[in-house]
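Once you've looked at the hints, dock chain B against the given chain A.
If you're matching them up, the sequences are chains A and B in order. Following the working numbering, the numbering of the first sequence begins with 43 at its first residue and continues without gaps. Following the working numbering, the numbering of the second sequence begins with 43 at its first residue and continues without gaps.
A portion of the hints provided could be inaccurate.
Note: identical chains are not told apart, hence a pair may lie in one copy or across any two.
Said to hold, decoys possible - Simulated crosslink set (SDA-like; lysine to any residue; CA at most 25 Å straight-line): (1) Lys187 - Ser175; (2) Lys187 - Lys215; (3) Lys187 - Asp80; (4) Lys215 - Asp80.
Hint data in this document are derived by calculation from the structure and do not stem from the laboratory.
There are 2 protein chains.
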Amino acid sequence: MSIANHFPIWDKLTESQQARIAELADFRKVPAGKVLHDGGPNCLGLVLVRSGQLRAYMLSEEGREVTISRFFEMDICLFSASCVMPDLQADVMITAEKDSEVWVIPACLFQNLMGESIALCNYTRELTMGHFSELMWLMEQIMWKSFDKRLAAFLLEEAAVEGQDVLSLTHEKIANHMGTAREVVTRMLRYFQSEGMVKLTRGTVELTDKKRLQILGM
Amino acid sequence: MSIANHFPIWDKLTESQQARIAELADFRKVPAGKVLHDGGPNCLGLVLVRSGQLRAYMLSEEGREVTISRFFEMDICLFSASCVMPDLQADVMITAEKDSEVWVIPACLFQNLMGESIALCNYTRELTMGHFSELMWLMEQIMWKSFDKRLAAFLLEEAAVEGQDVLSLTHEKIANHMGTAREVVTRMLRYFQSEGMVKLTRGTVELTDKKRLQILGM
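Bound conformation, chain A alone:
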């Protein structure tokens, strides 16, 4: 259960840097559904995922959500460290989607290490660029793709993440991922069902024609 096996580019850090991380990183268990970081000015630190699954999302004043990123084993989440991401005006919330184990690395330690280690700095820079690319992709989807395409792509991605075609997802949850209202999701899912692409039961969506969903989602 050592952080050494989960921290990216561990081998490129000096022994002293490794020792500081090992000493100051705070191991936590986060049950599914728990909010780990609620945006705002407080700076939790960086979160390194040991197991489980986290979700980062934006929240509108009216309470609407849209997922901007998800984090799996060995991913580092920067959004929980608002002090490392200056000028971040938007509030990013982070919750555990599954029972998770994480290390929280103090932001000031990470900030200091980036000033010492060119490997860590470049790793973090590439990570940020990756998030930027994801966000651009998401923006393209939202601005220019119709909702049926987005929903088809989302369902297929969920099936890939979960490794199964029966998804335990309420319409409310899907709406929160996609930044839309529950009614919009329900209407489109019913249309998908009438076309034979999904089968709906209470609390689940089963993908029954992935090929057609794929064509639609392209």
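Relative to chain A, chain B alone:
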């Protein structure tokens, strides 16, 4: 006209690094309206602005545009270096909005320098985080703010950038900044005019009640 006076953190680079930049940076004049980088896989390099104004925007398959960033004197534009921004699937176009003078720094040189200079790496990392924050803000606007608010905020920003209240902007151009259709812009501007907030003539928009636009744009 030395690059030394325009390159950020120049003083934190070694003499050898400075010499390589000075030798390999390519000075160019770019007339207003010219496309500097047309997205796609080709990698122009990083663009450092000496004077003028550049615009980076995304382009949909249907030809709709949305501005994602603007660059003024001493800004470095990373979007023209797709090889430095891996996974960037979206096509980012860059044009000169005004007659501009720029240096183009080869991407491979910049990439090498970031592996050598922790100062340059951290500078670029913070630049990327800044762009990320901007994009989050833009996404919030697009998803959750109504178009009248966005248009009011855009007109006020333009007036601040130009230093004057009479803006030489066609409705087409505004639409391209905001990722919408020309008709939508025209309709809203006419509404603004009927409310006394702007005055429209052929090719210009004059802001006649900035206070109300400010309240609306908040």
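Each hint, compared with the structure:
1. Proximity of Lys187 to Ser175 under the C-alpha cut-off of 25 Å is found in both arrangements, the shortest distances being 17 Å within a copy and 23 Å between copies.
2. For the identical chains of this complex, Lys187 and Lys215 are neighbours both inside a copy (20 Å) and across copies (22 Å), given an alpha-carbon limit of 25 Å.
3. For the identical chains of this complex, Lys187 and Asp80 are inter-copy neighbours only, at 22 Å across copies versus 30 Å inside a copy, given an alpha-carbon limit of 25 Å.
4. Within a single copy, Lys215 and Asp80 get their C-alpha atoms as close as 18 Å, which meets the 25 Å cut-off; across copies the closest is 38 Å, which misses it.
In this structure, every one of the numbered hints holds.
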